[in-house]
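Undergrad: Place chains B, C, D, E and F on chain A using the hints.
Chain residues, written in single-letter form:
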Amino acid sequence: MKIIPEITKESIKDLIGNNQREDGRTIDQYRDISIETDIISKAEGSAKVKIGGTKVIAGIKLQVGAPYPDNPNLGVLMTNCEMVPIADPTFEVGPPNEESIELARVVDRGIRESKMVDLEKLCVEEGNHVWMIFIDLHVLDNCGNLFDACELAVTAALNSTKLPTASIGDDGLVIDKENTFDLPLNEKVVMSTFVKIGSEMVIDPSLMEEDVSDGRLNIGVTEKGLVCSMQKGGMGPLNKKEILDCVNIAISKSSELLNLIK
Amino acid sequence: MKIIPEITKESIKDLIGNNQREDGRTIDQYRDISIETDIISKAEGSAKVKIGGTKVIAGIKLQVGAPYPDNPNLGVLMTNCEMVPIADPTFEVGPPNEESIELARVVDRGIRESKMVDLEKLCVEEGNHVWMIFIDLHVLDNCGNLFDACELAVTAALNSTKLPTASIGDDGLVIDKENTFDLPLNEKVVMSTFVKIGSEMVIDPSLMEEDVSDGRLNIGVTEKGLVCSMQKGGMGPLNKKEILDCVNIAISKSSELLNLIK
Amino acid sequence: MKIIPEITKESIKDLIGNNQREDGRTIDQYRDISIETDIISKAEGSAKVKIGGTKVIAGIKLQVGAPYPDNPNLGVLMTNCEMVPIADPTFEVGPPNEESIELARVVDRGIRESKMVDLEKLCVEEGNHVWMIFIDLHVLDNCGNLFDACELAVTAALNSTKLPTASIGDDGLVIDKENTFDLPLNEKVVMSTFVKIGSEMVIDPSLMEEDVSDGRLNIGVTEKGLVCSMQKGGMGPLNKKEILDCVNIAISKSSELLNLIK
Amino acid sequence: MITDGVRVDGRKLDELRPTKIEVGVLERADGSAYLEVGGNKIIAGVYGPRESYIRRLLEPNTGVIRCRYNMAPFSVDDRKRPGPDRRSSEISKITADALRPSLMLENYPRSMVDVFIEVIEAEGGTRCAGITAASVALADAGIPMTDIVVACAAGKVDGEIVLDLSEKEDKEGEADLPIAIMPRTGEVTLLQSDGNLSEEEFSKALDLAIDGCMQISEIQKEALKNKYLESME
Amino acid sequence: MITDGVRVDGRKLDELRPTKIEVGVLERADGSAYLEVGGNKIIAGVYGPRESYIRRLLEPNTGVIRCRYNMAPFSVDDRKRPGPDRRSSEISKITADALRPSLMLENYPRSMVDVFIEVIEAEGGTRCAGITAASVALADAGIPMTDIVVACAAGKVDGEIVLDLSEKEDKEGEADLPIAIMPRTGEVTLLQSDGNLSEEEFSKALDLAIDGCMQISEIQKEALKNKYLESME
Amino acid sequence: MITDGVRVDGRKLDELRPTKIEVGVLERADGSAYLEVGGNKIIAGVYGPRESYIRRLLEPNTGVIRCRYNMAPFSVDDRKRPGPDRRSSEISKITADALRPSLMLENYPRSMVDVFIEVIEAEGGTRCAGITAASVALADAGIPMTDIVVACAAGKVDGEIVLDLSEKEDKEGEADLPIAIMPRTGEVTLLQSDGNLSEEEFSKALDLAIDGCMQISEIQKEALKNKYLESME
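Chains as they are written, first to last, in this note's numbering: chain A, 1 to 262; chain B, 1 to 262; chain C, 1 to 262; chain D, 1 to 233; chain E, 1 to 233; chain F, 1 to 233.
Rather than coming from a laboratory, the hints here were simulated on the basis of the structure. The beta carbon of each residue, even a glycine, is placed where N, CA and C say it ideally should be. There are no misleading hints in this set.
Not everything, but these chain E residues come out facing chain C in the computed CB check (under 10 Å):
{"#": "1", "residue": "Leu26"}
{"#": "2", "residue": "Asp30"}
{"#": "3", "residue": "Glu121"}
So that you can see chain A by itself, here it is in the shape it has in the complex:
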């Protein structure tokens, strides 16, 4: 646990009260964002996202496997997130803790609930062979707001993913890695995260802002402007107006974020 001096805490809150932030942003402004795709030759899709100093890599690996019995004609999505200890002195070696499970599940629900990936097009042979999409997030540098960075990395990586041609021949499954096509996507998804500091909801929190904040709200928004996933985190409660205002800002920010994904 990070101990922040009470005086720093107060000064950050005072700034926010005046719609100012330690790094000069306004409360509804993101830090600089950059996205690089196709950075891992061995992955079928990949992206590295920086938001300010925060750096995450998403890699997509594909494999043909058996579908779930209750969805015999749907592809399978799996999201895993490694908060490896290189990224933050407080991250520990070991099995995923509650924080990294929450991160992975919130990012995953954004992808899954929006129906971003067209899972029906990932069926090779009903009941027997479907594409399994392994989404792996590798957090390298935690300078705050991992949620938005991870969601952006996953969306960019999926958007860059090339799917080999799979078919059923006389001898069973045939995978042709020479002939690939774009992973079929219905629509893209991005996420905006807010934290409550004093009485303000602040977008894209820095690490220090996260540390002094009382509550968190993640909002996933689709290309069509629909809210597809939300999660409140942290111990501070939020009132209804704060929630509705954040939803409104997240929807308007979504096009800005979507434009970064070519």
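TA: Frame of chain A, contents of chains B, C, D, E and F only:
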């Protein structure tokens, strides 16, 4: 570990020495017992048992699976016991410890060694498909004598279990959940547990009696009055006479317990 | 961690400086070695090796299983090493730690990289059935130099292993345990381990010598005198001359060790 | 799944499932509650405040809350393997976050309040049911609280915004929005949302879920009052 | 499996398998013993009393015993996966319970005696063999003891009560009753029973198992005497 | 795989793959480096010296180093399951051994230096690449060092001794000899060898690997100099 004041310990022992107990029972008397069955709609069999303040639930789930290679025509029984931390301030979160493994294994052996469930009738197709009986115990409130409560809950739950009709059709296994029949049982089993306090063997120990006791003896008895499983636990030794006396009492108590299972 | 008095440490080093050792050996001399094979009737191969007070048992179990997809016609080798706590007061109960993983992997590489076992002859039916060789090491008494004792035990156990006849009949795999033949070996492998004490490289270290040493070098040598595996361990660096000298000694010691395996 | 404003189980769009709460159902736990809502059967038990034996969780200036949401293996259609999984870890975390704002633990430094939620049978909405039961169990344990947290979900089924989704509605519906609130202030202490909703739909669902919470809050208070009256007799 | 009172391996109903005990077979362990009975090969090693590094096991007024029963992967027909399973955890626990009454650890507060039992080859009755070997190893380690605990099983095969079941008899027989006793007082420190027995059969089997224990007890004492005489020379 | 002294990827027998090092690529880590060699992409990060929170690792008279070599699931052809396996545990251990001799931690008793090596993409030789990157990250973190450790492999392919094996050469070749040295003294701090080599071949491969190390050492120094110059500007 519970620390009981030396004085309480002495007073419990003194009482027992006079064939009296802290709650007014005689040394060969059970607390009030109640059994409710069919309490979980999603389980094929279930029972909730209370012995005094002790409360456990047993749930039976069925599944068709492959038999063990060395017993290709026998159904499979599996017993698991969760001593979840809601039940006792000393129970801990985590994988089962030695105590809960012992509890599950002693209860399981009572069922298994008595051949209570007619496993031969659980074969659907020799070598390929047999019924697997998952017995799960959920301990909710530990006020002493979990062994007898668990064994009683399992027997009552198995006795209430409805088995769907399974058959092999042209397209393989067919399970008809509409047509069920009673799980085939050879005979029912109950358990009586004794602890040694001072020089007396006391049946159905309360939590406090367990804590001051020196040794434990579990005796499983079948409907026919046969001893089907026994386990000595705890660090105090028992002499031959004590063991034989307990066996005698357990056999006579068994009909009383069996009568509670309708 | 063992704490050795500084004075003992110094006296061991002083001795070594004079090419003497606490137990009277020269620095390139092994302790007494004994090998017993076929000690476990239930294992297809087994050996017990003593080097001085160090005692290890290797057991070989065989099983027909599926080959790795990229090597459809090769048998499979698996090496596991249990540094069970009976062997040393500092060994702990639990999953294998870095030390026992290193030990198992170094021993395994000696066997594997030398191509000692003729894996091609272990194919029963290409792509479907190959022999799997489970090598299990059980360390019983750690008086130093587990590496050489383990490698010797594995080689002796493999050399004593009897393989049942496996064939594909009309109804699939047939295993005939009555007709066995020797496990096909290309050539045998032994290992020599050195530790650096002061400025000397000492072969077959005792436990106390291991504790005062600065670096370790394991050298696996084949019957043909080829170096098949090496591993430097420990925190002290080694210079080139020390390494080359050890290689030279290990090659000349190998025939001495190989002669012990009938 | 909705015909003329009536849902498959016969409920109106804004109607809760039958809900029943019983207080003080366990002897060992310091506080406990049993809750049935629809086919859900939940037992919550509370221990504490007690000395924190997990050093990493201890805080020098306040007590902490630790939650464990756990499903019995027989509580669902396909037997669940015992022990925690990723879903239950996440629910445990957000349950603790949902309950914490109501607790006054400043006078219990270095101590821990343990909340155990056992799902005996699950039929959609167990995380809300668990929070509702746990808050009653905390009150039963005498933990100082500013309010009794209460949880309920709204969602979207067949294009309609409906209250308190059943298992079938949750699986086949378009969206699910479980929330928890502190009814005195209306502040939201848990909020999740899964599935596509327009801004307007979200707002409507949030209002409906708050309504549901307020109704369940009355049932909580009634149950606590009954227990209190009983203990008076 | 029994013809004219003779068992498949040629033994009489009340006859033990050939049994051999060797003391002091390990250098590092403070005490150790090797035991062969029938096809079983067991090594027991003891460390302690030493400072308890496991805080949760430590007791302020006495030393404690910790046992670990472990089967080598190659000790059984089908290779056993290394590491503890539920069966070995239970055997470890009841082995500790079986040995504890003989130990005088009052003068070793906050300390721990570790007993490690390694099953090198298994052929029916390893838990009894392990206890018998472990008690000898405890004596070899110089742990103060009131008695040398000894274990043996009786059982029911083909309707007859027999002594010291082999692997085949254990698998195909009707009942198995492993016990451990302190031979000086005859007190029972381990007792399990699996399989249906009438009250009379149980009583007969218990007597027979006690007889077996008394015979093995002599072999234990002989082995310890030999070691002692050796160390005298 | 070798034709007229030219390897499948066009290199000469004693030629390294293209190698690039960048220093200070992470904000949170106290020191960091990014390394590309052939298709390998490695990030190393260092924290410390900091108070050791793992009591078992703590030493009263010196600081200790702890290494964790970790492959991203997407770094290899077939997705790797996250978390440590036996291979990565061994590499972590020998990496710590390889770096330790260069570190002067005597003034940091009871503290720990953490080295984290993340393999983002793997193409043969990641253990050497990880050590080379980690040593640069240690320098970037300002840890007192006597030298910058550097690692490189030689091996045997098609009967020839070659430098810095690619993934294909490692898989299909006859032997692989990864080493690490401290370039100032030439002392060897890591050495492994897999595959059959004659004494003469081993000696030749060792010399060639040392040559490779010396070349990479220059790239390390250049990268550190650039970072230093940058920070001057």
